[in-house]
Structures are given as C-alpha cells and as structure tokens.
Amino acid sequence: MTRSNQPRTLPAGPIRRPAAVVGLLGTAALLLSACGGGADAGTQQSADATPVSGGNLNFALSVDRGCIDPQQVGNNDAIAIARQTVASLTSQDPKSGEIVPWLAKKFESNADATSFTFTLRTGATFADGTAIDAASVKTNFEAIKALGAKASLGSTYLSDVSAITVKDPQTVVVDFSKPNAQFLQATSTFTLGLLSPSSASLSEADRCAGKFSGSGPFSVKSYTVDKEAVLERRTGYSWPAATNTNTGEAYLDTVTFKIIPEAGNRTGSLQSGQIDATAAISAADITLFNGNGFWNETRANPGVVYNLYPNESTPKLKETAVRQAISKAINREEITTTLLTEKDQPAKGVLSHTTPYFKDFSGLLAHDPDGAKKLLEDAGWKEGADGVREKNGEKLAFKVTYWQSPKEVLELVQQQLKAVGVDLQLKFTTIADVTAAQATKDYDFSYGNLTRSDPDVLRTVFASTTARGGSNLREKLPVDDTLGEQAAALDKDARQELVDQGQETLIKDAHSIPIYELSTTISANEKVHGLAFEASSRLDFYDAWLSQ
Amino acid sequence: MIRYVGRRLLQGAFVLWAAYTVSFLILYLLPGDAVSIMASGDEQNSVDPALVAKLRSEYGLDRPLHEQYVIALFKALQLDFGVSIKNGVAATQAVAEVLPETIKLAAAGFALAVLLGSALAIAASFSRNRWVRQLVASLPPLGIAVPTFWIGLLLLQFFSFRLRLFPALGNDGAQSLVLPALTLAIPTSAVIAQLLIRSLHQTLGEPYIEQIRAKGASDALIHFGHALRNAAIPTLTMLGILVGNLLAGAVVSETVFSRTGIGRLTVTAVNSRDIPVVQTLVVLAAAIFVITSLIVDLIYPLVDPRINTAARATA
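Top line first, the protein sequences correspond to chains A and B.
Mapping of the first sequence onto our numbering: residues 1 to 548, in sequence order.
Mapping of the second sequence onto our numbering: residues 1001 to 1315, in sequence order.
The shape of chain A in the complex, shown without the other chains (with noise of 0.2 Å):
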C-alpha cells in the first residue's frame, strides 16, 4: 500500500480532477479547523504510555486483488492483510537489518551458503491446534514450490531449492543447489510465512478466502472480497518475533481492513474518524494529517528504488554513453521537492537506504546536463532541427510504458531529458498493458521497483543470469558475477564489498538509471498507537494499539 498503488482501480483520467477537488475541499476544512488546534508533531505518540488492550482498528486499503492467502499474494495491500496472519521462521531488525529469531530459535548456515538449518522453538502452534514442527516447515516450503508463478515471491525464494530434511521433529535443513546468502532474510518474509500442513491441500479458493489456519498473531475472521477482511486476535499466541515488544497476544481485538478505491474517500473518511489509519493518502493530502489530532510516519520500502531500465537488445540503449547522459541529465533533487511529499528521497544509489547493506552512491548521481550534453557530442549524437538529437538519421528518441502513480514524476523527467536533446515518449497506461509490453519486450525503457530488505534484490532485477534475464535484456557481463559471488557470500564485510562494487557498476554503467525512492506512510489517528513498518516496511499490526 504504497502511494504508488492507490488509483488503480479507475482509468487514470477521470479520477485526477475529481480527486483534487475533494483535496481542496478537504484541505479548506482542516484550514478551518486547523486555526483551533494548536497540535503540532504528528509523529506517533512514544511508546512509553502503556498499551491498552481492546477494540477494533478500522484501516483503508486501496485495492483488493481478491486473494489474501500470504503465500501467493505479492501486491503491497493484500501484504497487509496477509503479514498479520503468519508467523515467519525469522524476523528481520528494521533498524539493523539483522536476521533474528521467530519461530526458529536458532538458524545456522554452512560456508557455501548452501545449506540451512533452523531449530524450531517448542509450543507454538497454528491456528487449528497443530503444532509447528519441522514436517509443517517442509510441508509448507513444497506447497509454495508447487503453486509455481501463483507465489509471486515465494517461487522466486525458494527456486533453488534441492533439499528440505526433517531432521528431527524441532530441526529442519533445507539445502540449495546454488549458493543463497539471501535465504535467511527471505525466511523473514510474509510470503515464507507458516500455515497449517492442513492448509497446504485446501482449494485455491479457499485459501485466497482466508479459510487457512495461520500462525500470526492474527487469524481472518471473514473476508468479502472489494469490501472488508477482518482479522480478530489469536487467543493463545505466544511466539513473537524478537523484533516486537508485545510478548503475548495482540491487543487489538480485531483489525478490519475496509476497501476504498477512491482516494479523496480515503482522506475524507481519515479525517472524518470513519477509518482510523491508512497508509494511502494521495502525496497532496499527506500534510493534513501532520498533527491536529493525527500523525504520519513515513519509511522509504527497501530494495531496488524506481528506475528507469533501459532495454539494452536495442542499439540505441546497447550505448553506453547514451545511457549515462539519460542518468546525468536527470535532476532527481527537482522530482521529490516538486512533486512528492518532504519525507520523499531521490535515489541514493540502486537500493534505498532502508535496504541492508545500503551505500550512499549520491556522487555518481549528480544532475549533470552539460556533461551529459557533452557524452551524447562526443557519441556523434548532434541537434536537430526539432531540438532532438540524432545520429544518421535515427533520433534519439525513447519509448516508456508504465502505470505507477503519480504520472508526474516521468513526465518531469521528459521535460529534463528534453533539455538535453533526448525525446522521452510517454504511456501512462494499466498494469495490464505494461505486463504485455514486458512479456513481448516491446519497450525501451521500463519503470519501476522491487521491494526486499535484502540486496540480492540487485540480482533478481539486474542479473542476466535469473530465469527472466534481467530487467536490462543485455548479454552476460562481469558485474552479473559480482552480483552472484554477492549471493554467495555470507561474511558480512565480503558481501558488503561485493554488493558496493555491483551497484557501483550498475550506476557508472547506468544499467540502473535509479530516480527516487519509493516509500509507505502511515496516516493515522492519534489512538492509534504502536502501529509500525517491519523491515521490509511491510505493516505490522501486532504491537499496535488503541487509546480509549
């Protein structure tokens, strides 16, 4: 439930103005109100008042895939359902990115990254009173593999594997035919999340209704697709993750997840108390709810950040020159202070700098149009007439396909990359039109990110050696090595070294043309306390809490 997501569910167009003009409505009535209210801060009340237990917490999703079942759903709003559902083998520190212990009380690796073990933790149980042993572990890891492209995510985890053994009914080994430093981290993940081995052979219906018995802190209590999933507190739960501060069972009575498409709705019932939290107010209404009886905490996503990747089977983007110049010539400082909220960062480098093992690689993202200007000269691509340059006869001229909100922050990249003589054409279109031109190829640029507190992510997105080849459709080069060497190296120094030396390539060689990091806010009322980003700024409901 990132920004990003919200207005899906309509065509673009129609929805824009309407939407704005609630904005304004909206805004000349907290206006209003805002002259009585002295409150200021708007960040979420410190967590040394003492958690009540009780109520039901009303929070606004934009869309609803009709699906909540944690291991096949990938999208950011089915996540926040799901996350709350299961327990993981591992939890990852926020802070730190630290893997830590969940259900697995103890976890060890062999040298090569190839072989995992974890020793479970004793009493913990799903929710149809079965307990959580090694056998559920393997059962569970089968039936992700099984579900094949339908676990998004999880598929992706688990590809490599060669070998799960029980080895006693508390130890569990799972074996990899290739190094996987990343697993760890991936067994902190929702979508690597337990559920009953009854679960495992319900229909897929009736687990994308909810009808599994998880492992979470919460259970579904119903679900009615488009409208509502409310969850309600398991009794007994005594198993959390050594990230959270509860120890016992969640304090929340039920969480209810209410579907709202429209975004003007969505502030209109924040402010209005018909909704307690959301973390989908359109950027333009962010600001109302700093303070006056709300607050807003904002976390970039972990991972890759949106960029710009440029199909590199075309000749014109096979150039290397060319590339840099569309990466220099991008004020990336200009697009988060104009058109995002002030919480917003431009790119970094690839990864945010929520992501473990993140290195500032700002320097090689300076906004340089005159150096830019000066490689595409010196590339033999001169002025024409109509102001976009060209080389015999071809004019350097892009085509992007994308449907990631706000429009705005492409279009201001066309008009920065017009400066220096490249033509950027744009299609704002559905996620559907975008998935075709991807399966077909048919594109030069695409546009978006990837979420995971982990750096292989850099390998899932760029490396020509995955099953899908990489986002940049070019041949093999030596920083696909590095990227997996990356993979492979469990020593934090080693991979540290490993993973700075891949994105610096990635960027000098603007394989990554990286614009900003894309982030989740929490908007909420000032009841609403402990509700917090885990490290994959993922929800997490379990801490979460109401003043009365």
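Read the hints as simulated data drawn from the structure, not as lab findings.
As the structure is a computational prediction, the values presented were derived from the model and not from experiment.
Beta carbons: idealized from backbone N, C-alpha and C, even for Gly.
What you were told as hints is all true, and nothing was included just to trick you.
DSBU-like cross-link-like pairs, simulated, lysine-lysine; straight-line CA separation at most 30 Å:
hint: 1; chain 1: A; residue 1: Lys-395; chain 2: A; residue 2: Lys-407
hint: 2; chain 1: A; residue 1: Lys-178; chain 2: B; residue 2: Lys-1054
hint: 3; chain 1: B; residue 1: Lys-1054; chain 2: A; residue 2: Lys-138
hint: 4; chain 1: A; residue 1: Lys-508; chain 2: A; residue 2: Lys-399
hint: 5; chain 1: A; residue 1: Lys-211; chain 2: B; residue 2: Lys-1104
hint: 6; chain 1: A; residue 1: Lys-427; chain 2: A; residue 2: Lys-318
hint: 7; chain 1: A; residue 1: Lys-395; chain 2: A; residue 2: Lys-316
hint: 8; chain 1: A; residue 1: Lys-399; chain 2: A; residue 2: Lys-418
hint: 9; chain 1: A; residue 1: Lys-145; chain 2: B; residue 2: Lys-1054
hint: 10; chain 1: A; residue 1: Lys-441; chain 2: A; residue 2: Lys-316
hint: 11; chain 1: A; residue 1: Lys-476; chain 2: A; residue 2: Lys-373
hint: 12; chain 1: A; residue 1: Lys-476; chain 2: B; residue 2: Lys-1054
hint: 13; chain 1: A; residue 1: Lys-427; chain 2: A; residue 2: Lys-382
hint: 14; chain 1: A; residue 1: Lys-211; chain 2: B; residue 2: Lys-1054
hint: 15; chain 1: A; residue 1: Lys-211; chain 2: B; residue 2: Lys-1075
hint: 16; chain 1: A; residue 1: Lys-221; chain 2: B; residue 2: Lys-1104
hint: 17; chain 1: A; residue 1: Lys-399; chain 2: A; residue 2: Lys-316
hint: 18; chain 1: A; residue 1: Lys-145; chain 2: A; residue 2: Lys-211
hint: 19; chain 1: A; residue 1: Lys-441; chain 2: B; residue 2: Lys-1054
hint: 20; chain 1: A; residue 1: Lys-476; chain 2: A; residue 2: Lys-492
So the derived list for chain A, only partly shown, Cβ under 8 Å to chain B, looks like this:
hint: 21; residue: Gly-148
hint: 22; residue: Ser-269
hint: 23; residue: Ala-432
hint: 24; residue: Arg-468
Given chain A, put chain B in place with the hints provided.
Here is chain B on its own, set in the frame of chain A:
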C-alpha cells in the same frame, strides 16, 4: 402472442451470443493477461518465465483463439463461465454474490430518479411563472452534463465528511445506501425529467386537453388524470437505456462509496484481465437489456390500449 414472445426470446439468445463473442474477442485482443499481472506482483519482479508459462497453460491461455473460444462457449451454454483467475472462485458465484447489492442500489436509485424526475417535470409544467419554468427546465441538462463521479464526491464531502449524517463507505444497512443511490439517481432523474418535460409539453397541446379544460377540469386533474399517463409512454420507451445508465452509474457510485457490487467487480475484473468474470458480467448485462426491452414491449398495451405490440410486430 406466444409466437411473438418466442421470437423475441430467440432474438435475445442471439444478442447474448453476440455479446459473449464480441467481448471474448476484445478481451483476447487486449494486451496483457491475468497470469502475468499476477506474477508481476505490481513490482519489477522476476518470476521464472517457465513457471508463468506453465500457469498460463493450466488456464488454457496458451491455446489458439478458436480452441479457447469453442471450449469456453460450450461451457458457457451450460452456465459454466469458468473460475476467476485471480482466486479460483467460480465466475458465476463471484457475480452472484455481489449482484444483490447492485440490484438494491439500482432499485433505490431508480425509484429516487423517477420521483425526482417526475417532480421536476411536473414543476416545470405546472409553474405559471415563465422564469421559474425555464429555470426548472434547465436543470435536467445540467444533471446530465455533470459527471456522476463529481456528484458522488460532493455528496460525500457534505453529507458524510462534514455533516457526518451518512457513512462514506460500505454496504451495511439502509443508511449506507442513501448517498450512493442519490448519486445514481441524479443523472438518471435528469434524463427522465427531460423526456417527461418535452412529452408533457406536447401532450398538453393536444386538442383533447383543450376539450377537458373547456369542460372545466382543474390543472391538477388535467396533469394527473390525463396528461401524465399519455406523456409517460415515450419515457417508457427509454427504460432499456435508463437501466443501462443505472448499470454504468453503478460502476462510479460503487467505486466512490466503496460498495461491493457488479460495477466494482467489472472494474477490478477488467483491470486484472480476469476473463471468466468479465464474460459473465457482459452476458448478465446483455441479458438484463434483453429482458428489460421485452418487458417494456409487453407492458405498452397495458399503459395504452391503442398499442398492440404483438399485432404490430407481426404486421
């Protein structure tokens, strides 16, 4: 009469088949398919293309068009429209679950629209002040021109967010039905009012009205006892189109007010290229049109005995 109805039903079956076939073709030609959308997870994800291909083949999406079509049509004839690609629920069930919500909304919206529209038309016709009459008569074009979306947002802003009289979202209880139904009713009532104003004007100019007036009938008696019934016939002709309007309006109203219903379902199904669900909805919409226009033709003679539908049709 029976032959007439039989023939109309045959024609209806043809319309349903045509709607099914055309929408099948359009969906096939549209870029993008449900499986790749699902696999993308909305981000730059990299599911193994072999796994994606496997899933597509499980859904039969890799077969040639004619094969897909024949299989789908054969099943559709047995009312099996397949399962929703996004969650495996039978498409007919997905539609049936939300249909009552839309029927409630459309019925409430239609009732409101008839009340509002007739009231406006009568007000326009009754008024002796030319200025008032023209003002009232200029409302319907405005109602038609203003986007439904905007009406919905305005109603939300004032009656839900400001005055907090009605909930902004959901389908729980009659309270939640008021604003969505009103949103739906405004443009529809404008259409009704416009038709009725014109037709009332025409009817009131008929010689028989002069005669009744000469006999000393009051304005009210002329309107409610005689003119309105005759003026209603042309409006009745438009019922099919009005129902279509209501369905289209439901898409907007259900989205703005976060209600479940077939309008919302249509938007999400089209966006995720969930072909089985879209096909079910298309056939349902076509069936509603067919049945509505059949009903309209059959009740003409009841409203105006001079019209004999069956005889006219066979003539």
